[in-house]
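**Student:** These two chains come separately, so use the hints to put the complex back together.
Chains A and B supply the protein sequences, listed in that same order.
Counted the way this note's numbering counts, the first sequence spans residues 1 to 113.
Counted the way this note's numbering counts, the second sequence spans residues 1 to 113.
Do not rely on the hints blindly, as some may be mistaken.
Unchecked claim - With a straight-line Cα cutoff of 25 Å, these simulated PhoX-like cross-link-like pairs (lysine-lysine) come out:
1) 57/A to 83/A
2) 61/B to 57/A
3) 83/A to 14/A
4) 49/B to 100/B
5) 68/B to 49/B
6) 70/A to 100/B
7) 70/A to 9/A
8) 71/A to 100/B
9) 61/B to 49/B
If you're looking for bench data, these hints aren't it; they were derived computationally from the structure.
Fair warning: this is a prediction, and the values are worked out from it, not measured in the lab.
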Amino acid sequence: DGGITQSPKYLFRKEGQNVTLSCEQNLNHDAMYWYRQDPGQGLRLIYYSQIVNDFQKGDIAEGYSVSREKKESFPLTVTSAQKNPTAFYLCASTLDRGGSPLHFGNGTRLTVT
Amino acid sequence: AQSVTQPDIHITVSEGASLELRCNYSYGATPYLFWYVQSPGQGLQLLLKYFSGDTLVQGIKGFEAEFKRSQSSFNLRKPSVHWSDAAEYFCAVLYSSASKIIFGSGTRLSIRP
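So here's chain B without its partners, still in its complex pose (with noise of 0.2 Å):
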């Protein structure tokens, strides 16, 4: 069955860090794949997608996300954090066989002053 998962359920990082969020999908040909921000109460926002091209995209706020298709990984990742950047992300696939979009079960990301 396809899948995504994010393995971390939740990250403290300090202000400054640099940060990773991990995500890993089923295998499947031609995944569109996506990054969302979701603030406490609020709808989701998206950070970044990739559908081909250059395997390492560039998204909002700052964040970026590197596709390797051997390792069916969409890691997201930026090289410094911020207070305000304290949310829950989650990673989501598209398969263009299938007409709906899988969301992993979520990153909340917590930053230490």
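So that you can see chain A by itself, here it is in the shape it has in the complex (with noise of 0.2 Å):
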């Protein structure tokens, strides 16, 4: 089954340290989107992606870094410089025309202490 898959479903890391979040999917969608969630504020977009090798920034991009080296894969990098990185991450992708609804992996819950 067609999908986007996003691992892991729990991460936990110390404070300072650099992490990293997968996400693939087998849609052969051209577009790929990153959203953090927190409770009461929504989905909240940091990244996005709409052909290899390219990127840009969302609204909230500061702290975080992604790369596109492949249309499958978008991988979210979660850097010391993220003031608060506890939250849950939803990674999503479309094919990116004509309206086309987002499709969303069930995401990465990351806790830093």
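**Tutor:** Right, dumping it as structure tokens:
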């Protein structure tokens, strides 16, 4: 079955460490997105990529980095510069044309102590 | 600025009662409108979408939504809720001039037995 796989589901890190969240899709979608979700704040866009080897900052990109070396993969690195990294992170993808809806992975909950 | 507003943070309805969740968006040409549902600790699932044509759209799980251009609204409705409908619901808008979807802050639905 086609879909988006985020791994791991739960991730624990010590403050000051960088951590990379995985996102893989086999939907042959062009565009991929990373969102952060905090209680009561909905979804906030971190980064998005509409094509391989290109990506744009979203609304809260500071302290995060991404790469898009393959169409299927869009990993997110949470760096030590991110002040409040503990959150639920969602990856999504879309065909990116004609108002196609987003398809979401099941998320990764990151806890930094 | 383009935005989406879900004015109700939390709604509780009795099982079997009707439901309406409100969504308003800032004016923009040719919006694409979506409703998503999220169960705790999971990703978002698309309930329905509106692109053009008939302003009343049917979705999965018995949900429907009505697009009212004059009110900039896209309210979600269900005639009779089930306990399994308890979840968080997000309205989202994609403007044809933009390349990213904007989400509302969500409405948490609780079901009273």
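**Student:** State for each hint whether it applies.
**Tutor:** For each hint, the structure was consulted:
| no. | hint | in the structure |
| --- | --- | --- |
| 1 | 57/A to 83/A | holds (17 Å) |
| 2 | 61/B to 57/A | violated (35 Å) |
| 3 | 83/A to 14/A | holds (13 Å) |
| 4 | 49/B to 100/B | holds (15 Å) |
| 5 | 68/B to 49/B | holds (14 Å) |
| 6 | 70/A to 100/B | holds (20 Å) |
| 7 | 70/A to 9/A | holds (22 Å) |
| 8 | 71/A to 100/B | holds (18 Å) |
| 9 | 61/B to 49/B | holds (14 Å) |
Violated hint: 2 only; the structure is consistent with all others.
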